[in-house]
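Q: The residues making up each chain are set out below.
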Amino acid sequence: MSLKPAAEAAYAEFVAARQNHLRRVAYAICGDWHQADDLLQTALVKLYVAWPRLHRAGREEAYVRQIIVRANIDLHRRPWRREAPGLDGHDPAVREGLPVEERSALFEALQALPEMQRKAVVLRHWLGLSVAETARELGINEGTVKSHTSRGLEKLHAVLTPQ
Amino acid sequence: MNLKELFETQIPVGPEHTPLPARIEAGRRALRRRRGYAAGTTSIAAVVTLAVLTMVGNGDLSADRDSSPATASESPTAGPTYTPAPPDEELTSAIPVANWAGCVSGPPSDETSEEEFEPERRCADDMAKYGTEGQLKRRDGVQVSRRVDDPVIDGDAVEASVALELIYDGHTKWYFLEHGEHGGVLVADPVKDEAVAGMSFDTWAKQLGPLTDPGHRYPEMKDAEGVTRVGTAWYDQDGELMIREDAEEIDRVDDPLAYDGRSVALAAEVDGTEWWTLLSGDPGQHWVMEPAGDGDFRDWVDTQVRELYTKPSGFRLTVAENGEIKFEDGLLEVVDQITNPDLDWFTEPGEQSALIMVDSGTGSGQHPMLVRTRNHLFDGAIELVQSPGRRGQEEETLEQVLTRLQNEGL
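In order, the protein sequences belong to chains A and B.
For the first sequence, position 42 matches number 42 in our numbering, and the numbering has no gaps at all.
For the second sequence, position 335 matches number 335 in our numbering, and the numbering has no gaps at all.
Be careful, since some hints might not be right.
[To be verified] BS3-like cross-link-like pairs, simulated, lysine-lysine; straight-line CA separation at most 27 Å: (1) B/K4 - A/K146; (2) B/K4 - A/K155; (3) B/K4 - A/K4.
In case anyone wonders, no lab produced these hints; they're calculated from the structure.
Assemble the whole structure, with the sequences as input and the hints as a guide.
A: If you want it as structure tokens, here you go:
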């Protein structure tokens, strides 16, 4: 059973166009290519299942992003998480080994932030989400978003601004 | 410092992606698991649909699903949102015998190891679990008394989930199982666990989404009688709508379900979070609650109501050469049929459809279904559940239903 051909073609077009960006977001949030791949794949599988509804509403990217962010939260919060095999032989991060990281100052500084500060900064200052949108995405209230963002930015500035 | 520019230039692209065909195939597999071989299902976040199933034996829960489609037509919430799965291997004798105090007293099952799983998870694995392809399994001798499909809120990192009330040797346990790469297992003992003491299985199931996603815990409070109430609003024992005192009402639609004034859709904010709720006056009958979405609340209400009254079903049926539909299990009888009705939104080129009137033989009346087929194989169906507000009125003929569908669409 699959999506109808036209819907599947649209899904494939979306994935081809956006998977780079979405995995970079996942990587910025979790700091690990393998996990970023897992997060993206999990999100894309769910997107496929819900594609007709989401495509009609134009919410494909927001949906995937939300799953990435929340799944990442889950990975950290759920003590009862179960690990399971990924794609059958198609996991490039595993198949080819992790690439040599070109870890930038920004990436290092970002990873040094607490999880929620990191996510708030990425959502607000890379993806351009509003405070309200970020609050919804992270499941926290707007005041907390402001607080996380402010503290995160302060630390990034301290690291990234030339002395 | 232009942070956006820094992100764009300094976050690398990363290694090669999973090939697109593999991504699509993974999606197809998930879709098959969701819909099963002969059913179309959609998930309504946090809608609790309960089926009381009495089963003893070994094997797939999917076998149990097949026995109850007749109940699905009784009311919009009476039937389970089944996800039939193909027959698969049964649990083997390698499954350890559970001991209810410590949960596990045998060797690990084939998918677990002593080192990998803590006892609580091993316990759940032993009593019921998802197979690798998403088929549900239960241990020999375990009785399933209640089941809720997909109780977690949309957006969680799993492909499917289920809450089960299991009975074994006179003891009751509640299990929440997730299928997917990041799936988990949660076990509760309604007798011994203080966290769920006094709670009904229905209520526990409703809270599973927030339980597994702490960022979205539903608000709860004790009402005047000391009963723990989950959500922003509820109907009390007298059928009166109660709204939390600390909830800020943002929008409200009265009786969207046409339940003689006993349903409401509410957008309300509690502790800085806006929640959208749809509920009806009969306790546990309808209860949908989500954090506010990106769209318009009224559109969300329309969608929920529409999905509720067009609940997909999980039937097994065959399509004859002449397009005649028959149910394999004989539990439903097709009493009238319009083959290939003019409903272009339901099919694509190469697909056929039929609008049928079915009778469950239970005395609950007849109701229409839309069936889609491809190459004489069943592809999906939408059960057109009668709105409670329309009950008591004269039943529509298939021609009237068709006219309505042509005018209203879905």
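Q: Please go over all the hints and tell whether each is borne out by the structure.
A: Hints versus structure:
no., hint, result
1, B/K4 - A/K146, "holds, 18 Å"
2, B/K4 - A/K155, "holds, 16 Å"
3, B/K4 - A/K4, "violated, 38 Å"
Of the hints listed earlier, the one the structure fails to meet is number 3.
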